[in-house]
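Following the hints, position chain S against chain F.
These protein sequences, in sequence, are chains F and S.
Residue numbering for the first sequence follows this note's numbering, starting at 1 and increasing by one per position.
Residue numbering for the second sequence follows this note's numbering, starting at 1001 and increasing by one per position.
Subject to a maximum C-alpha distance of 27 Å in a straight line, what follows is the list of computed DSSO-like cross-link-like pairs (lysine-lysine):
1) 1505/S x 135/F
2) 131/F x 1505/S
3) 109/F x 129/F
4) 1146/S x 1162/S
According to the in silico footprint, chain F covers these stretches of chain S (three or more CB under 8 Å from chain F):
5) 1404-1411
6) 1425-1436
Which chain F residues stay away from chain S? Per the calculated CB distances, all over 12 Å, these:
7) 3
8) 5
9) 10
10) 11
11) 54
12) 67
13) 114
14) 124
15) 183
16) 186
17) 196
18) 198
19) 206
20) 217
21) 227
22) 240
It is worth saying that the hints were derived from the structure and are not from the lab.
The C-beta atom is built at its ideal place from N, Cα and C for all residues, glycine as well.
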Amino acid sequence: MIQVSGLCKNHGSLAVLKGVCMSVQRGEVAAIIGPSGGGKSTLLRCINGLERFQQGEIQVDNLKLSSRPDGEALRKLRQHVGMVFQQFHLFPHMTVLENVMCGPRLVLKQSRAQAEPEGVRLLERVGLKDKLHCKPEQLSGGQQQRVAIARALAVKPDAILFDEPTSALDPVMANEVLAVITDLAKHEQTMLVVTHAMGFAERVAQTVHVMAEGQVAESGPADQIFHAPRTEVTKRFLMQVKTS
Amino acid sequence: MIARVFIACMASLLLSPCLRADTLDEIKKRGVIRWGGDEEGGAPYIIGGDDKTRPAGFEGELMEALAKKLGVRPEFKQCDWANLTDLLRGGEVDIICNGVELRKDRVQSNLCTIPYFVNDLQLLARKNDGRLKSWADLRQPIQGDKWHIGVLTDTAAERFLKENFAETVKTKDYPGTTQAMDHVRDEQLDATLTDLMAANTFGNRYPTLHFVGETVGRGYFVIYLRPGNERLRDELNAGLREMMADGRLKTIYDKYQIWNDAQLTLVIPEVQQLPDQMRGGEERKRGWAVIRENLVTLLEAAGMTVLLSITSMPLAIVLGLLIALGRLFGPAILRAPLAVYVEVIRGTPLMLQLFFLFYVLPWAIHSFVALPDWWNHNFALIAAVSGLAINYSAYEAEIYRAGLQAIPAGQMEAALSLGLTRRQALRYVLVPQAVRIVIPPVTNDFIALFKDTSVCSAITIIELSKQYSIVANNTGAPLEVAAVTALLYLAMSYPLSLLARRLEKRVPAINA
Chain F
1 MIQVSGLCKN HGSLAVLKGV CMSVQRGEVA AIIGPSGGGK STLLRCINGL
51 ERFQQGEIQV DNLKLSSRPD GEALRKLRQH VGMVFQQFHL FPHMTVLENV
101 MCGPRLVLKQ SRAQAEPEGV RLLERVGLKD KLHCKPEQLS GGQQQRVAIA
151 RALAVKPDAI LFDEPTSALD PVMANEVLAV ITDLAKHEQT MLVVTHAMGF
201 AERVAQTVHV MAEGQVAESG PADQIFHAPR TEVTKRFLMQ VKTS
Chain S
1001 MIARVFIACM ASLLLSPCLR ADTLDEIKKR GVIRWGGDEE GGAPYIIGGD
1051 DKTRPAGFEG ELMEALAKKL GVRPEFKQCD WANLTDLLRG GEVDIICNGV
1101 ELRKDRVQSN LCTIPYFVND LQLLARKNDG RLKSWADLRQ PIQGDKWHIG
1151 VLTDTAAERF LKENFAETVK TKDYPGTTQA MDHVRDEQLD ATLTDLMAAN
1201 TFGNRYPTLH FVGETVGRGY FVIYLRPGNE RLRDELNAGL REMMADGRLK
1251 TIYDKYQIWN DAQLTLVIPE VQQLPDQMRG GEERKRGWAV IRENLVTLLE
1301 AAGMTVLLSI TSMPLAIVLG LLIALGRLFG PAILRAPLAV YVEVIRGTPL
1351 MLQLFFLFYV LPWAIHSFVA LPDWWNHNFA LIAAVSGLAI NYSAYEAEIY
1401 RAGLQAIPAG QMEAALSLGL TRRQALRYVL VPQAVRIVIP PVTNDFIALF
1451 KDTSVCSAIT IIELSKQYSI VANNTGAPLE VAAVTALLYL AMSYPLSLLA
1501 RRLEKRVPAI NA
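One chain only, chain F, in its complex shape (with noise of 0.2 Å):
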């Protein structure tokens, strides 16, 4: 489903990606952990079309993405590809339906009637069937995460990407979001989580890739990496973890 082959990005003279392989398969629920400036996101934001890097390829589907990508290619990259951020970055001058609404209506060519239904059902799904015509303003950070899930979810993208996307929550929110992003496993949605819940990527990942200094240090099953961790660069994090 999504293939990361040899990626390689440079902030100037930093790199910040220095050749990584990754693959996850449709169906699969797979989570990056590792220490912080590791390239997590920035591995997140090149499968999304969001940042440009200088080598390797992305492949989603059959779509190739090239280092030198035209406007036409991300837009149809980005429909096979949803995006959940960690500062949720809903449109606050829409209201939470709008918000949801806007991907089909505008990307999908819906009308009002065609998606307003859909978008209803989606927010029952994430459990904000009661703030449709609320304004995100007005709903507490793990609520508009969880609007931010509906959202992405309703231009029916193949996988989604979720950027760290309880780290600006406390841990109650935090398990909502978790709750819900958990449901979507159960119904096989293909995710990758960048994530620094360990105890989530430990139950719903079927994988997990260990990223640091721009390269996968150790990719297996969860049990695997949480329980015999193979490389010292996953060791060293998982007890960093373990102690603070």
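Relative to chain F, chain S alone:
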């Protein structure tokens, strides 16, 4: 309360000169007679030189001669021609002398000398314009429209046409003689009615124009003084009579090639008695009676102010938004020219831009294309609206640029990640948010533009400020007219502020 204080201050300002003693003693004591005029009128009236206080020109030389007779030195003071009587009233100068005509309303609130120049009016039109060969032609409307004839604001020419040709002629107010001639040449006007002297002096610059019909509307130039200065007036009159008798006046007029047979009538007693005759007769209307008489014209002028504002501001906003989007999100090739546009427009005065649009552009275009009459006849309005729109577009562009930049980058990313095109992201996500951010500064600009419409009087538009100046100058109620004008402005701008406050509170629905 504040208004009352303001009116009291205004009143004391206006009244104080009247309380002064005869200026003649003061002039002799300081050895200087201060006189006001407008150098912009140029040759042959007043021609500026190295010494700004001692200009040449026939009026400059006349003042030199008269001052010498008083045993003092003349000192010239520059002032916009239309405001010369205000300058005199304010006490800045002792007398004004710059082609100001002898007029009933003026002699009722000022003193004046005997006439020093006989002024006839001459109609100038294009040689190749077969429609206009005589005064009789002006009696017939052309193609259902009135003739458009340029005049200097508030002059005998304007009055003559309004009194005699109101049905078939529309006068257009110009700040200068040659600007009206330019526009006759460039076919913006059908003709101009101007002082014979000006027609003679500047006519040879316009080979495509010629004199049409006989001279009309004989008037007289006089020197005005504040009331209560009878002794100074008598001394000036004595000086003028002396110069007429010994031929010095003719010498000066010959030098500037403005002497004609009409000037011979200056020495006739009937002519010299004209000011005294005019002072008599019915008392001029004062106070609120003036307001009653002029309220309709003031309201019409206020309507023009509103029309200019509400047509130019939306244009400025749209233009400004497009410029801001171009600078932030447009192709690199557009960015530098747009930045230059903003800097040039912001960095030059509105007045200059209007002058360019109204006087220079037609001259440039005229040689290439013939524009339809409706365009030419409405050109002042077209130039005013586009001038204001262009000027303010630069400011709106900067406001929108700041507004767009204030939106977090995540908004654009979130929109793109949903699969929106950049254009959609701008239209449905960024611009609606920017609009809300910029409502306060844009409203502020709207109120500023609203007041800046007064600059359009420089290009023959009569809006509220101009109408105020005309009414205030011609009536005995400057204070009342000022108060009513201020009230009209307030009545127009205050609802704007209220509207803006409501807009800020209300969040417009987004159609996404």
